[in-house]
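J.: Read off the chains here:
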Amino acid sequence: MLTIDTLTNEIDGKAILKGLSLTINAGEIHAIMGPNGAGKSTLAYTLGGRPGYEVTGGTATFDGADLFDLDPHERAAAGLFLGFQYPVEIPGVSNLQFLRESLNSQKRARGEKELNGGEFIRLAKEKAALLGLDMDMLKRPVNVGFSGGEKKRAEMVQMGILDPKLAILDETDSGLDIDALKIVGAGINAIMRKPDKAVLLITHYQRLLDYVKPDYVHVLAGGRIVKSGGPELALELEREGYSDVVGAEVVG
Amino acid sequence: MLDLPTSSDESWRYSDLSALQSVWPLPAPVRIDVAAGDSAHHHLLQNAADSAAAVHDYVVTVGDGARCDFHVLNIGGKLGRVTIDVTLGRGSHFELGGAILGSGDQTLEIVTSVTHAQPDATSGQTIRSILSQRATGSYLGKIAVARDAQRTDAFQSVKAMLLDRTATANAKPELEIYADDVKCAHGATVGELDKAALFYMASRGMDPATAKTLLLRSFVAGVFDSVADEAVRETLEAAAIAKLEAMV
Numbered sequence: 000m001l002t003i004d005t006l007t008n009e010i011d012g013k014a015i016l017k018g019l020s021l022t023i024n025a026g027e028i029h030a031i032m033g034p035n036g037a038g039k040s041t042l043a044y045t046l047g048g049r050p051g052y053e054v055t056g057g058t059a060t061f062d063g064a065d066l067f068d069l070d071p072h073e074r075a076a077a078g079l080f081l082g083f084q085y086p087v088e089i090p091g092v093s094n095l096q097f098l099r100e101s102l103n104s105q106k107r108a109r110g111e112k113e114l115n116g117g118e119f120i121r122l123a124k125e126k127a128a129l130l131g132l133d134m135d136m137l138k139r140p141v142n143v144g145f146s147g148g149e150k151k152r153a154e155m156v157q158m159g160i161l162d163p164k165l166a167i168l169d170e171t172d173s174g175l176d177i178d179a180l181k182i183v184g185a186g187i188n189a190i191m192r193k194p195d196k197a198v199l200l201i202t203h204y205q206r207l208l209d210y211v212k213p214d215y216v217h218v219l220a221g222g223r224i225v226k227s228g229g230p231e232l233a234l235e236l237e238r239e240g241y242s243d244v245v246g247a248e249v250v251g
Numbered sequence: 000m001l002d003l004p005t006s007s008d009e010s011w012r013y014s015d016l017s018a019l020q021s022v023w024p025l026p027a028p029v030r031i032d033v034a035a036g037d038s039a040h041h042h043l044l045q046n047a048a049d050s051a052a053a054v055h056d057y058v059v060t061v062g063d064g065a066r067c068d069f070h071v072l073n074i075g076g077k078l079g080r081v082t083i084d085v086t087l088g089r090g091s092h093f094e095l096g097g098a099i100l101g102s103g104d105q106t107l108e109i110v111t112s113v114t115h116a117q118p119d120a121t122s123g124q125t126i127r128s129i130l131s132q133r134a135t136g137s138y139l140g141k142i143a144v145a146r147d148a149q150r151t152d153a154f155q156s157v158k159a160m161l162l163d164r165t166a167t168a169n170a171k172p173e174l175e176i177y178a179d180d181v182k183c184a185h186g187a188t189v190g191e192l193d194k195a196a197l198f199y200m201a202s203r204g205m206d207p208a209t210a211k212t213l214l215l216r217s218f219v220a221g222v223f224d225s226v227a228d229e230a231v232r233e234t235l236e237a238a239a240i241a242k243l244e245a246m247v
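So the protein sequences, as listed, match chains A and B.
Residue 0 is where the first sequence starts when you use numbering that gives the first Met the number 0, and the numbers rise one by one after that.
Residue 0 is where the second sequence starts when you use numbering that gives the first Met the number 0, and the numbers rise one by one after that.
FYI, nobody ran anything at the bench for these hints, they're computed from the structure.
These numbers were taken from a predicted model, which means no experiment stands behind them.
Accuracy of the hints is not assured; some may be wrong.
[Unchecked claim] Cross-link-like lysine-lysine pairs, in silico, BS3-like; alpha carbons within 25 Å at most:
1. A:K124 with A:K150
2. B:K194 with A:K150
3. B:K211 with A:K112
4. A:K181 with A:K164
5. A:K13 with B:K194
[As the list claims (entries may be wrong)] Some residues of chain A that are not near chain B, with every Cβ distance over 12 Å (derived):
6. R121
7. M134
8. D135
Just so it is clear, CB atoms sit at the ideal spot from N, CA and C, and this is done for glycine as well.
Working from the sequences, and respecting the hints, build out all of it.
T.: Below, the structure is given as structure tokens:
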């Protein structure tokens, strides 16, 4: 579904990703872990197409298309979802309005029929209930006045409504207490654990992986994948630390 | 015949004086007198043809205990200028909601002078401007508080959004206060579209034009919330949205 080959990039002239390669197939959940400053969020933003995250080399192919040929909104319409570590507040625009415009923009781009008001509200209710989010929250402006946990749950409601093929979730577990973590983990499983979908979980800690079991775990350090393994690698990292598992000079 | 104003006349400082020539001299202002205890609603949709100059002058008196709500959508013409000169009686209220949406080479202005002549009057002015290309949008707002007009409470909230670096927003509050028990609040900001919000919206699939229009609609939303007549509110909102969609 997604093939990244020797990807390099720069932000303000500084090289962050230095030849990153990764392949994710349909039906798989991958976790990328790594120390602070390894380039985890940079990878997410670069795949999402955030302005300023300049690709300097390598390729990324998503469902047969050159990902870097597509504008950010076209990547979303193609089935990519980016979960933000810090979801953005948009005063004056309600969640419902935001999501309906987003979903219908995607449907227009794919040549599908747009949802009318009633159809959309039914869909939103169903997905909000899945994440235990009150419908009243969705009537409020996007992320404005939401707690950290509410923002992350709202992100998962967005994911449920937009129904992507591939979700790249950047530190979706940060700012969540244990109860919220369980709800968000169950939400990810319910929405994305399907044979035709895939997930890339970017996380600093292993605790989210207790609830969303990855098929593969990768260690990102110094702008590259330095080690890959099964779920046991996450436990090893948690136990022994990044320096011991992949070498202090790599993490440095 | 009166001479054409010059740019050294303070209230014409940012105007388009060559466009003004075609309509000079101006007719007498429209008078609105709200009788004591009454309540009045007025609105103006200034949507003149592209090359035209449109100047609308109002002189408003609000009687004791009366209230006047005024809504202005200023979007048309080469020059579109709306001036409102208000005098407030005891315990009266004046409320202005104004939006300026300018593109191309338009010069659009709202110029107000609100005189609190008697005690206990309140006034509120909310102005939102969105300007693209080489447009100029100006708000000049004077508040005068007479010596005896104690317990005056007035505010001006002025926000402008520039879609291009070549557009210009002017905001000039002017306070002239002779009483001592007075609240006059004014705030003015000039900003650009939030790039983080635009990327967030794009990441959810919104095309750039849809995302920008949604952000701009939310920026001017609220200006027309207090329009009492629903048909009028819908007319103003529809005209504003049509103009915004043409701008992004």
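J.: Holds or violated: are the alpha carbons of B:K194 and A:K150 at most 25 Å from each other?
T.: holds (19 Å)
J.: Over 12 Å from every CB of chain B: does A:D135 meet that, or does the non-interface label fail?
T.: holds (19 Å)
J.: A:K13 and B:K194: Cα distance at most 25 Å?
T.: Given pair A:K13, B:K194 holds - Cα atoms ~21 Å apart, limit 25 Å.
J.: Please settle this one: A:R121 was flagged as non-interface, so is its CB more than 12 Å from every CB on chain B?
T.: holds (19 Å)
J.: Non-interface claim for A:M134: all C-beta distances to chain B beyond 12 Å?
T.: The assertion about A:M134 holds, with a minimum of 19 Å to chain B.
J.: Given the hint that A:K181 pairs with A:K164, test it: the Cα-Cα distance must not exceed 25 Å.
T.: Since the Cα atoms of A:K181 and A:K164 sit roughly 22 Å apart, the hinted pair holds (cutoff 25 Å).
J.: Verify the proposed pairing of A:K124 with A:K150, using a straight-line Cα cut of 25 Å.
T.: OK: A:K124 and A:K150 at ~17 Å, within 25 Å.
J.: For the pair supplied as a hint, B:K211 and A:K112, is the alpha-carbon distance within the 25 Å limit?
T.: OK: B:K211 and A:K112 at ~23 Å, within 25 Å.
In this structure, every one of the numbered hints holds.
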